Amino acid sequence: GQNIDQPTEMTATEGAIVQINCTYQTSGFNGLFWYQQHAGEAPTFLSYNVLDGLEEKGRFSSFLSRSKGYSYLLLKELQMKDSASYLCAVRAGDYKLSFGAGTTVTVRA
Amino acid sequence: DVKVTQSSRYLVKRTGEKVFLECVQDMDHENMFWYRQDPGLGLRLIYFSYDVKMKEKGDIPEGYSVSREKKERFSLILESASTNQTSMYLCAVTGGAFSGANVLTFGAGSRLTVL
Chain Y
14 GQNIDQPTEM TATEGAIVQI NCTYQTSGFN GLFWYQQHAG EAPTFLSYNV LDGLEEKGRF
74 SSFLSRSKGY SYLLLKELQM KDSASYLCAV RAGDYKLSFG AGTTVTVRA
Chain Z
76 DVKVTQSSRY LVKRTGEKVF LECVQDMDHE NMFWYRQDPG LGLRLIYFSY DVKMKEKGDI
136 PEGYSVSREK KERFSLILES ASTNQTSMYL CAVTGGAFSG ANVLTFGAGS RLTVL
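Protein chains in written order, with our numbering: chain Y, 14 to 122; chain Z, 76 to 190.
Next up, chain Y with everything else stripped away, as it sits in the complex (with noise of 0.2 Å):
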């Protein structure tokens, strides 16, 4: 099975920088996602990393470091919309996708 970690909360201020790490430990491993979920309301997708790297979208990234086991989600110019929950999955095989507990950022004006 999987084991992911990341931390339960962070807050930040408007236009600031927050950088979300998660570890993981699988076995098959198959991929790495980031779900973003608003209080009340279903996740919805966010980034994918495969390789390792930084992947790029607006003012959003990911990082992936398989050898280490670790990934980051980075919020840049964070917006008051941004308060949500963040969701680290991996991917063992074609279909299972396994959750972190997630991690809760607020953004302070």
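Read the hints as simulated data drawn from the structure, not as lab findings. Treat the numbers as computed from the prediction; the structure is a model and nothing was measured. We treat Cβ as the ideally placed atom computed from N, Cα and C, and that holds for glycine. Certain hints may be false.
To be verified - Taking lysine-lysine and the DSSO-like style, the derived pairs with C-alpha atoms no more than 30 Å apart in a straight line are:
| id | chain 1 | residue 1 | chain 2 | residue 2 |
| --- | --- | --- | --- | --- |
| 1 | Z | K132 | Z | K145 |
| 2 | Z | K128 | Y | K89 |
| 3 | Y | K109 | Z | K146 |
| 4 | Z | K145 | Y | K109 |
| 5 | Y | K70 | Z | K146 |
| 6 | Y | K94 | Z | K78 |
| 7 | Z | K78 | Y | K109 |
| 8 | Y | K94 | Z | K130 |
| 9 | Y | K70 | Y | K94 |
| 10 | Z | K93 | Y | K70 |
| 11 | Z | K128 | Y | K109 |
Said to hold, decoys possible - Partial list, computed: chain Y residues near chain Z (C-beta under 10 Å):
| id | residue |
| --- | --- |
| 12 | P20 |
| 13 | G28 |
| 14 | A55 |
| 15 | P56 |
| 16 | A102 |
| 17 | K109 |
| 18 | S111 |
Assemble chain Z onto chain Y, guided by the hints.
The following block gives chain Z in isolation, referenced to the frame of chain Y:
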């Protein structure tokens, strides 16, 4: 992109009742999943299905069963609901614009309270 619809947003049931949670997708995707989400524990996989009449146990299948008689519909069944099954249940489907990555698209969720 695929649309995933869960029939009930909120349910209140009594201990011992049989509960059906329905999930329907509007495309022809093979893979469908049921997760439950609890504070501090994140999303945990209950069951998934990769085709009609096919099912695989996830990490926490105990107390649950599933049914996939048609490709578009995946049902989660609690044969005898218990209070520890009070949770948010999320159905998900893989496929769509990022189908190469098997990105999950989630339904809005069904919040079940068992009294």
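Results of checking the hints against the structure:
no. : hint               : result
1   : Z:K132 with Z:K145 : 19 Å, holds
2   : Z:K128 with Y:K89  : 45 Å, violated
3   : Y:K109 with Z:K146 : 19 Å, holds
4   : Z:K145 with Y:K109 : 21 Å, holds
5   : Y:K70 with Z:K146  : 33 Å, violated
6   : Y:K94 with Z:K78   : 24 Å, holds
7   : Z:K78 with Y:K109  : 20 Å, holds
8   : Y:K94 with Z:K130  : 38 Å, violated
9   : Y:K70 with Y:K94   : 17 Å, holds
10  : Z:K93 with Y:K70   : 45 Å, violated
11  : Z:K128 with Y:K109 : 18 Å, holds
12  : P20                : 13 Å, violated
13  : G28                : 29 Å, violated
14  : A55                : 4 Å, holds
15  : P56                : 5 Å, holds
16  : A102               : 8 Å, holds
17  : K109               : 7 Å, holds
18  : S111               : 7 Å, holds
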